[in-house]
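Starting from the given sequences, assemble the full structure and let the hints guide the process.
Using this note's numbering, read the sequence shown as starting at 287 and increasing by one per residue.
No lab work stands behind these hints, which were simulated from the structure alone.
Just so you know, not all the hints are guaranteed correct.
Said to hold, decoys possible - With a Cα cut of at most 20 angstroms, we get these calculated SDA-like pairs of lysine to any residue:
1. Lys388 / Ile352
2. Lys388 / Leu296
3. Lys388 / Ser289
All values reported here derive from a predicted model rather than from experimental measurement.
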Amino acid sequence: MTSVALTIALAVRFALELALIVAAAVWAWNATTGWLRMSVVLVPILVITIWMLFLSPSPAISVPAIVRLVMEGALFLGIAVGLAPVALLPAILLATIWALDKTVLLVLGSP
Numbered sequence: 287m288t289s290v291a292l293t294i295a296l297a298v299r300f301a302l303e304l305a306l307i308v309a310a311a312v313w314a315w316n317a318t319t320g321w322l323r324m325s326v327v328l329v330p331i332l333v334i335t336i337w338m339l340f341l342s343p344s345p346a347i348s349v350p351a352i353v354r355l356v357m358e359g360a361l362f363l364g365i366a367v368g369l370a371p372v373a374l375l376p377a378i379l380l381a382t383i384w385a386l387d388k389t390v391l392l393v394l395g396s397p
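See below:
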């Protein structure tokens, strides 16, 4: 039973990672005008880079678990707050589902 729950939680986590990238692009589009719209490409690349360096299952730079949690929370909650003026319900869902999934993963013993 635990392995099924862990598999589902990890699948939800992957979907959340993809949603985070899309939400970052939507936030960047709505937060800028003119030539600054290049940030639609740059902000998701920054999010992907931070995730790859510090938060992936095999990160390039290892940090303590509490730092990983804070960084992950800052990414998800920061993007959700930026997205809220444009798309309130998706922002709330992104933050809420992340918090629930992170809790389940921690209870099941997965980082």
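Index of numbered hints that the structure contradicts, given in increasing order: none
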